[in-house]
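Sequential numbering from 1 applies to the sequence shown in the working numbering.
None of these hints come from the bench; they were simulated from the model. A hint or two may mislead.
Calculated pairs, BS3-like style, for lysine-lysine (alpha carbon to alpha carbon, straight line, at most 30 angstroms) [to be verified]:
{"id": "1", "residue 1": "Lys24", "residue 2": "Lys9"}
{"id": "2", "residue 1": "Lys24", "residue 2": "Lys34"}
{"id": "3", "residue 1": "Lys34", "residue 2": "Lys9"}
{"id": "4", "residue 1": "Lys24", "residue 2": "Lys50"}
{"id": "5", "residue 1": "Lys41", "residue 2": "Lys24"}
{"id": "6", "residue 1": "Lys20", "residue 2": "Lys9"}
{"id": "7", "residue 1": "Lys20", "residue 2": "Lys34"}
{"id": "8", "residue 1": "Lys50", "residue 2": "Lys27"}
If you're wondering where the values come from, they're calculated on a predicted model, not measured in any experiment.
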Amino acid sequence: MKLKQNNIKDVDEDLTILFKVVDKLEKRIATLEKVLESHAKCIGRLAHEKENVKTWETTNTSGDKTIWVGRK
Numbered sequence: 001m002k003l004k005q006n007n008i009k010d011v012d013e014d015l016t017i018l019f020k021v022v023d024k025l026e027k028r029i030a031t032l033e034k035v036l037e038s039h040a041k042c043i044g045r046l047a048h049e050k051e052n053v054k055t056w057e058t059t060n061t062s063g064d065k066t067i068w069v070g071r072k
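With these hints in hand, go ahead and build the complete structure from the sequences.
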């Protein structure tokens with residue numbers, strides 16, 4: 001009978017360890033999802049801003065070229 005009780009204790013300990021590992025992994029995945037969402041928003045904003053930016057080149061009276069950047 002002692003053998004069975006020890007096995008049950010071992011299984012309980014193993015399950016406890018397993019649940020802790022799974023919990024940590026779930027937390028890390030949740031954090032990564034938040035970071036990914038944040039980066040996607042930033043990339044979307046940058047792409048939108050890039051669409052709204054206009055550049056043009058001019059030459060002044062001394063022959064130097066100037067590049068201008070502005071909104072469309």
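Hints, verified against the model:
About 23 angstroms separates the Cα atoms of Lys24 and Lys9, which keeps this hinted pair within 30 angstroms; it holds. Taking the CA atoms of Lys24 and Lys34, the gap is near 16 angstroms; set against the 30 angstroms cutoff, the hint holds. The suggested pairing of Lys34 with Lys9 is violated, with an alpha-carbon distance near 38 angstroms, which exceeds 30 angstroms. Our distance criterion of 30 angstroms between C-alpha atoms is broken by Lys24 and Lys50, whose separation comes to about 39 angstroms.
For the proposed pair Lys41 and Lys24, the alpha carbon gap of about 26 angstroms is at most 30 angstroms, so the pair holds. For the hint pairing Lys20 with Lys9, the CA-to-CA distance comes to about 17 angstroms; that is within 30 angstroms, so the pair holds. Under the criterion of a C-alpha separation no larger than 30 angstroms, the hint pairing Lys20 with Lys34 is consistent with the structure, at around 21 angstroms. With a C-alpha separation of about 35 angstroms, the suggested pair Lys50 and Lys27 falls outside the 30 angstroms cut-off, and the hint is violated.
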